[in-house]
Amino acid sequence: MNSSDWEKALEKVAHEVSSENFSAALTEEDLESLRIRFLGRKAPLTELLKSIKELSLEERRLLAPKAQQIKSQLEAQIEARALEIEKLRFDAELKTQSLDLTLPPLLPLRGRSHPLTKMQDQMAHILGLMGFSWAEGPLIEDDEHNFTALNIPEHHSARDMQDTFYVEGGQVLRTHTSPVQIRAMRKQKPPLRIICPGRVFRHEAVDATHSAAFHQVEGLYVDQNVTFADLKGTLEEFLKALFGPQIKVRFRPSYFPFTEPSAEVDLSCLFCSGTGLASDGRPCGICKKTGFIEILGAGMVHPNVFKAVGYNPEIWSGFAFGIGIERVAMLKWRIKDIRNFYSNDIRFLAQFEDTELPLLA
Amino acid sequence: MKISLSWLKEHLEFDFSAEELAVKLAALGFEVESIEKKGPQFKGVVSAQILQIEKHPNADRLSVCQVTDGRENLTIVCGAKNIAVGQKVPLAKIGADLPGGMKILKSKIRGVESSGMICSGKELGLGAENGGILVLDQELSLGKDMALALGERTEVLDVAVTPNRPDCLSHLGLARELASSLNIPLRDFKIPVLSVSDLPSFKITVESKADCPVYVGRVLENLVVGPSPSWLVDRLASVGIKSINNVVDVTNYILMDLGQPLHVFDADTLEGNTIFVRRARAGESLTALDDKKYELKPDVLVIADQKSPQAIAGVMGGLSSAVLSKTKRVFLESASFNAALVRRATQSLRLKSESSYRFERGTDPKLPEIASLKAAELILSLAGPAAKVSAPVVYKDIKESSPVVVSASKINQMLGSDFKAEEIKNVFSALARFGGHLESQENSFSITPPSHRLDLESKADLAEEVARVLGYDRIPVHHPPLAASPAHKTPRAALVDFLSRRLKEAGFYEAYNYDFISLADFELSGAEAKKGVRLANPLSEDMTILRPTLLTGLLRNAQYNFNHGNFSFRLFEKGTGFYGGKENILLAGLAVGRFPEIYWKKGRAVENDFYGILGVLTDAFSGFKIKSFPLTSGLPYNQKLFHPMKTVEFKFEEKGEVIGVMGALHPQAAPRWDINPSGKDEVFIFELNLSELEKINREPFFLEPISEFPASWRDISIVVSEDVPYSTISRAIGAPDLKKTELVDLFSGDKIQKGFKSLTLRLTFGRNDRTMTDEEVEASVARILENLKKIGAVLRS
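First to last, the protein sequences are chains A and B.
One point on numbering: in the numbering used here, the residue at position 274 of the first sequence is 274, and numbering is uninterrupted.
One point on numbering: in the numbering used here, the residue at position 107 of the second sequence is 1107, and numbering is uninterrupted.
Be aware that one or more of the hints could be misleading.
As the list claims (entries may be wrong) - Away from chain A, derived, C-beta distances all over 12 Å, residues of chain B:
no.: 1; residue: R1187
no.: 2; residue: S1195
no.: 3; residue: V1342
What the hints assert, rightly or not - Straight-line distance between alpha carbons at most 25 Å, and here's what the computed PhoX-like set of lysine-lysine pairs gives:
no.: 4; chain 1: A; residue 1: K307; chain 2: B; residue 2: K1242
no.: 5; chain 1: B; residue 1: K1459; chain 2: A; residue 2: K289
no.: 6; chain 1: A; residue 1: K289; chain 2: A; residue 2: K189
To be verified - A short, non-exhaustive set of chain A residues, derived as facing chain B with CB atoms under 8 Å:
no.: 7; residue: G131
no.: 8; residue: A158
no.: 9; residue: F214
Derived by calculation from the structure, the hints in this document are not laboratory data.
Don't be surprised by glycine CBs; every beta carbon is placed ideally from N, CA and C.
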């Protein structure tokens, strides 16, 4: 074959290749027959490449790259089509493998903390970051720890503030976690910062807002030169961490036998944002129009309490506070009946999901 | 303490509303719990008479009345059925304001013009609907303003007075507090001058001045005891006190007005001419005004005549010396009693009164003389023109209160405040103005508090007084310095937390139950009653004894949830068990059913079975080196709850202290606890005593190196007698380089000889330094089979 015939034959191949519709190959088999037709052992291009050695070196140098280019182009086209065909095949096959993606998922078995535990942990966490360590004590207390050491003498009307359960033999079920403070102060020298979380008891008929057992977190801070201003600062930070930075805190005079001065601490109402008005413009039923809700009791430790534990009130001063866990949980989660906490109805317990992600370190 | 606004205004000049007063009181430490409107809350209503009644031409149920108020005749359309000609009725004229914001306008009712409204009691806010208009007294003259005729219009505040401020348990007391703290003028308080008569009176003998520092007695005679005038009845009613008669009402009026409890005896019923203030003697008793008989112990202070106790001092008088309508002569007592003594009497006798409420909080020792004068004056004005009063007989031994010395800088140092010395001085001056005494030297003050301020004894008390009056909001906010050491939990709390977390990870929901349970539940759990802790004053039958185990609560919770259609749950509780004089920190759990209870894809549910719950606990204890053993002793307070054959106990070692118990609920317990799970579901329970667990040290953990060389495993199937427990088998298996033994399969039945069981065990071998050869592995397996033979286990053919 001379070079001009060879070239013509190559042109013919080129023409055939360019006029071929590779997309017409729908299966891998189609494509294989195309490949055999164009690149097979007996394909014209293969034959041409085989016969190229019949040409002169010069002609080869000129024509071989043209032939090679056509071959590479063919290979690329077939390869590209092969991928397309594979995709088509998978697309068709995957369509047969569909799931109903909307069927109910299988949820993992996961437990829940009781809401009161969650709330107590949250409070203890905040106070822990503020340097308050835990202290614990027994639930059955003697009169001295629960009352007299806390400046509540026998035959004093202040005892009426806490209706008391007595156990046979004369001891009491602690009416507050304050006896733990007495124990802690007798064991440790000042300065100290402690919290006493736990269960307390009041001899009250159980109804929607009263429970014969409930829970408190009490805090105690003793150091030199602790002032009422420190109490205000600490509680304001604590309450803002618990309820959000937008809340307002108000201190009102009050009376507790173990603190002097004593304060009732109010929080701007969580329901009406402190406006005193509900969203429909009517008086807020939660704060009764006042814009504030009572949240905790606090005060400067009474000198008589320091004397009872052997701290010199001329040197040491301190503050104490107590917050009811049930009350805060009820406000926060809008629980209307305190008895819900003790029903242990699965439908109640299952609801306490973590909707807030704690930002505190 | 109920405070009537109009009554308060008799002592204090102010014009703010009840709501404004409530805000001011709250800022001073007196919470107002409610504000109630009392008396007529309407205007423009007069007394009128019905002259004529005709049927309404266009409405069957309405009448057209001609009515006069003495000045003009008016046509009124009325729907009431109880109207009659001649009746005197309240007429709301055009422009009248009725309670609830209703205003009376001229209007046409079904075509007839009506110039007002004849009112019912309810429409006037005076009571519930009784089906018709209010018919007035026939004696009432026409055209009278009904708002005046029907009593005093006032608002009554329920003020919470804290136990340290008994001086505010009266209208004068609260007025004085407001005057002092808010600098409002207090109206002049007139101490009456009485013309006394020389009457036979009583001597007073006080046994102990500590029991009774002040006693003032007077005799009043020629009295006419009868109903009180309406102003007095209304006044007392507004603060919740029922009228009795004019003399008794005066004592109650003075109590609510000045805060001094008084008592009147019918003097003619008293034996002898001496009043004794003494402790009761053994065997004495008194029938009090509440008609109940009280046995008096020697720690009760009584007021006695020559013969017997006539009153429980400061608490309640005796029935036999009560002032009744027949009474002509009374002995009026105005005294001060020891607060603790009165309180002890109220508690031992379970008897309380308005008087005891004040005495046990403390009364002003300077008040009895004034109160006696005031009461006598009022009785004289109410109990007939011939009434006479004696001069007082006074016993008095009052200790003057001592001054407290404090400086302005000390006050500011305690509060962290920056109050000016001048401001602080003003607070103390107000105390001095109301009976105290102040000496000041620039920055330093010596304050003798007034006799009614029993709460001011120390510097801290005075700091509170300053903060209270000047405002807590004026004390700045300051942040204490950072703690020098990190905060920590107690080891016990950390242990409770750890185990709670493990249980939550295993799907347990946390429960909270009360500590009080019924004696029946206590005994059903298997605890011994004599080791329980009983309440001396339980709230109810169901709450008489403290729980020894937390399982009683969880079983009740299971019962509740089954009854409410929940059959699958895992519950746990942490808490205290009370038993044998100890408080045990316990952690208990209960599991039943499957998860998820219902699922569309079969085979995905996890059953709550014995091995599943055992696995949860085994996993939780993995770091403690605590293992389960067949039940031998268990925990003493919950033994009746566990199935004897399906229960294990957890111990550190075989002979160690039992830390906990886990197993199936005893089949007899289920019906006793009224527990009905779904189908054949078994209930599994456990209880751990953390007070025991916390004694065990957790060993530090170090990494076990992971072999780089492949392990080899072999499955062997053996047959062994059914009564050989798996622990015997696993103990028997032991060979060098055996890493792990897993139970692949366990069965008995058709293919196996009766009384035997087949086990397939997967044995994994490996070394950390090299790959084991097949020969080595085979040798180990052979050795294991050899050991198994010794316990009667043979290779299954």
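A:K307 and B:K1242: Cα distance at most 25 Å? violated, 46 Å
Was the hint right that A:A158 lines chain B, CB cutoff 8 Å? This interface hint holds because 5 Å falls under the 8 Å limit.
For B:S1195, which was marked as not at the interface, is the minimum beta-carbon distance to chain A over 12 Å? Non-interface label on B:S1195 holds, nearest chain A Cβ at 40 Å vs cutoff 12 Å.
Quick check on the hint: A:F214 CB to chain B CB, less than 8 Å? The hint is violated - A:F214 has no Cβ within 8 Å of chain B, the shortest such distance being about 10 Å.
Interface hint outcome for A:G131 [beta carbon to chain B under 8 Å]: holds, 3 Å
Would the hint linking B:K1459 and A:K289 be met if the CA-CA limit is 25 Å? Judged against 25 Å, a Cα distance of about 37 Å means the pair is violated.
Measuring Cβ to Cβ, find out whether B:V1342 lies farther than 12 Å from everything in chain A. Not fine: 9 Å to the nearest Cβ puts B:V1342 too close to chain A.
Classify the label on B:R1187 as holds or violated, using whether its beta-carbon is more than 12 Å from each beta-carbon of chain A. With a cut-off of 12 Å, B:R1187 remains clear of chain A, as the shortest Cβ separation is near 26 Å.
Can you confirm whether the C-alpha distance between A:K289 and A:K189 stays at or below 25 Å? It is violated: about 46 Å lies between the C-alpha atoms, which goes past 25 Å.
Violated hints for the displayed structure, listed by number in ascending order: 3, 4, 5, 6, 9.
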